[in-house]
Every structure is written in C-alpha cells, then in structure tokens.
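> All chains should be modelled from the sequences, with the hints used to inform the complete structure.
My numbering puts the first residue of the sequence shown at 18, with every later residue one more than the last.
I should point out that these hints are in silico values taken from the structure, not numbers from a laboratory. Treat the hints with caution; some may be incorrect.
[Unchecked claim] Restricting the straight-line Cα-Cα distance to at most 25 Å, the calculated cross-link-like pairs of lysine-lysine (BS3-like) are:
| no. | residue 1 | residue 2 |
| --- | --- | --- |
| 1 | Lys148 | Lys175 |
| 2 | Lys72 | Lys175 |
| 3 | Lys87 | Lys72 |
| 4 | Lys148 | Lys87 |
| 5 | Lys148 | Lys72 |
[What the hints assert, rightly or not] Quick list of simulated restraints, FRET-style, between CB atoms:
| no. | residue 1 | residue 2 | range |
| --- | --- | --- | --- |
| 6 | Arg305 | Ala88 | 53 to 63 Å |
| 7 | Ala74 | Gly380 | 48 to 58 Å |
| 8 | Ala300 | Thr196 | 22 to 32 Å |
| 9 | Thr199 | Arg379 | 50 to 60 Å |
| 10 | Ser454 | Thr126 | 13 to 23 Å |
| 11 | Met161 | Thr126 | 33 to 43 Å |
Beta carbons are placed, not taken as given, at the ideal position from N, Cα and C, and that holds for glycine.
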Amino acid sequence: MCGLLLGLLSCANSSGKGSPDGGPLDGPPEDPVCDALCSAVYVARGGSDAAAGTKTAPVATIARGIALAKAASPPRLVAVKAGLYEEQVQMVSGVSVQGSFDDGWRPGTARTEILAASPAVTFVDIAAPTKLSGVVVRSQDATMPGESSVAMVLSNAKMVELAEVEVRPGAGGNGIGGTDGTMGEPGGPAGQGVQGCENDGIGCDDCARPTSGARGLSPCGMNGGYGGQPGHAGNGGDPGAPGDGGALPGAGALGRALNGTEGERGADGLLGSAGVGGAEYGAFSGLRYVVSSGLGGGAGGPGGGGGGGGGGGGGTAGSCDSYGSSGGGGGGGGCGGTAGTPGTGGGGSFGIVARDSQFLVRGSQVSGGRGGAGGRGGSGGGGGAGGMRGEGGEYGGGKQDDAGDGAAGGDGGAGGAGGSGGGGGGGPTAAIVCLGSATVAIPQTTLSPGTGGAGGSGRIPGAPGLAVPVKDCAIF
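If you want it as structure tokens, here you go:
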C-alpha cells in the first residue's frame, strides 16, 4: 500500500496507467488507497457547501462531504483539512472520513477537530467497513442538570474502525439539590381549670360545678386531654382525660380538701428516617444515561397530647359545702416536620458509548471527562412544639373554703423532625461503555477514565461517581 503522501501526489497523474513517456506500464495493479484519495470529497473550513467538493472547490462541512461521498458509486472517501469543525457528524455505512490534511492536501501535524453537543459523532446501523481517522472528537459540556456528555455513540454498528483519533467528552451536568422540609405545626395550648366555689348550705352561694380545663387541640389530631372536674363537699375530684397518644391523665383528689395530680406530658414524635444516597453508577435506558438520585426521607411523627390534670376534692366549712377547682387541660401534640427531598444524580461523561456494535480502536487516545456532582439532599423540617398545658384552677379563697385545688395538665409532646433526603450520586465517567452485545479491540490505544463527580451531601450522602477506563466491555 502506498503512503498517504505518495497517494496524494500521484493524484496529479489521474490515469495512473501510463509511463512518464506515455507508453504502457507493466506492474502491479493500482493501490486502492491511492485511488480513494484521488477521488475523495474534500472538506475545508473556508469552503462552501454549494461547491463540488474537489481540492480546489472543497465543501465547508463534514456532513456535506459525507452526503456527496455517499451519493457516489461506490462511496468515496471524505478528506478533511485541519481545523475546528463545530458540527455533529453522523457517519454513514461504507463512507470513511480521514482528517488532518494541510493546505496542500498532504497529511500534516495540525489536527482536524470536531466539536459539538453530545454526541459529537455517531455511527448508527453501519453494515459495511467504515473508518474514521486522524481527528479529534470532543463533545461540549452538558448544559442541563444531570445531563451527560458523550463524545461518540455507536449503535448497531459493525466493521467500524477508529484510527489515530482522540476522543474527549465534556463534563456532565451537576444534579439538582433537594428542597428542605417544612417545620411541623405546633400543638394548641390547653385551657386553665376554673377556681372552686361555694355550693349548697344555709346562707351560702349556689355556684355551678366548675368546668374542666379545655384540652389543647392538635392540627395533626393528637389532642390533649380535658382536665378533671372537682369534687363537691367531702367527695373526691374526677381524673383528667388521657391525651391522644397515650399520655396518662392526672388522678382526681381522693377526698375532702385534697388536691388533684398533674397530667402526664405527651410523648415526642418519632424522627423521620433519612433517605439513602445515590449510587456511584445509575443505568442506561437505550443510549441515554439515567442518573442515580438519592431517596427521600421520611416525615416526622406527631407528638402525643398531654394528659388532663385531676380535679380537686370538695370541701365543707360550717354549713357551706363547696367545689374544689377543676384540673387544667393537656396541651395538643406538635406535628412532625416534613421530609427533605433527595438530590438528583450528576450526569456522566463518556468517551464512547456503544450498543450492540463491534469496533476497532487503533493507535488512539480515548478518555472520560468529569462527571457531574450529585445534588445535596434537602434537610428535614423541624418538629412542631407541643402545646402548653393548662394550669389547675386558682384557689377560690373563702368561697372555696377548704376544698382542694385542681392540678395542671401535661404539656403536649413535640413533633419529630423530618428525615433528610439522600444526596445524589456523583456522575460516572469512562473512556468506553459497552451495552448489549458490544465488543471492542483496542491495539496501541490508551484509555483514561476521567474523574467521577462528587456525591451530593446529606445525612446519607451520595456516592462519588464511578471512574473506570472501560465499563462492561468484552475486549478481544
């Protein structure tokens, strides 16, 4: 096979069949590579896509060059001058592209560079030998949260060769941070007990039995207990009512002139569970990488309502009987905080993603880039405060005589804090990712993994992104 330089120079003699003196030339048949270069479609940045694609009238884009080469029978080679081509290139079965030619259309040291949004180059449904050589392929950084950057994609592509190429993806997009939970609503305060008073007897007041201290209400249904009503004359007071959630009430006074006992404080709500962080690697759906996000936390539990205070015992002084004061109500339970939402995962950065393809990478450099950082997990909201207890009824002075006092209810329990969301997993990176039945050969090729994205922060943070040269590839 002749060298590229010899092949290009020989294009000046388009027949290739005659000797310098015009006579017949015996010898081996023409080199097919030289023929391909002589009949190539030429691409240069200063060209025009309305041109014919010759050396003196090159087209401006690789895509136009491929279209002209495909239309020929048989398909022609596409020769691309060095320079930056900001376009997505879709390779076509049987059409090869060779880059890095100088101004004289000779192989040079300056490179042909393809730079585009992900993916910069694609090989789809390739069924005939197709080669890409002498180019640098770069995909741009992702612009959307969690988006991946992939320099090159192969799908159902057979007989593909990549020779003397550099493949470098851009950075994956960062994940989105979770939102913080909201604080739970507080429990309502309880009512105070009512003071004692005289009832019954000659020349005595005739008051109604003092009412119970009102229970504190809870927005989440964990109400406090009512206070106990007082006893009359020598009788004991009533116990308070239990709070929702099991707080015990205070006992009523057992007899004449005795005081009630306080209600129990409501239990605090359970803390919400923390969400699990995202993993180091998500999954592919088709050719699209699906990020590994964290999981949401659990909501905090409500606090219990406080128990009602017990009523005071009744009293007797001279000819007058009296009621004791009533017990205060229990405070309402505070509501649990809502959970923090999880952070989403960072996008990946992949040099080549291949599905159900067989390809050769020779004398090349392929790398991963930088995976996107996972989003932070949102913090859980704090629990709502428990409602204040109601105090026992005040002493009614001489009108209460020697009757007992009602007791205070219990405070409502505080709501539990919500759990934080898990941090998103960092975006992974790999030089080559194989999906399905993809296989690859990599003679004289250097593969570099890049840098995985940082995991999102959280009570349970996301894992840093996976960083490997090759992921799930069968190498032959």
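> All hints, please: hold or fail.
Taking the hints in turn, this is what the structure says about them:
1. Lys148 to Lys175: holds (11 Å)
2. Lys72 to Lys175: Answer violated: Lys72 to Lys175 is near 31 Å, above 25 Å.
3. Lys87 to Lys72: Roughly 18 Å separates the two Cα atoms, so the pair holds.
4. Lys148 to Lys87: holds (14 Å)
5. Lys148 to Lys72: holds (21 Å)
6. Arg305 to Ala88: 53 to 63 Å: violated (32 Å)
7. Ala74 to Gly380: 48 to 58 Å: violated (32 Å)
8. Ala300 to Thr196: 22 to 32 Å: holds (25 Å)
9. Thr199 to Arg379: 50 to 60 Å: At roughly 59 Å between Cβ atoms, Arg379 and Thr199 fall inside 50 to 60 Å, so the hint holds.
10. Ser454 to Thr126: 13 to 23 Å: violated (38 Å)
11. Met161 to Thr126: 33 to 43 Å: holds (37 Å)
Comparing the model with each numbered hint stated earlier shows that hints 2, 6, 7 and 10 do not hold.
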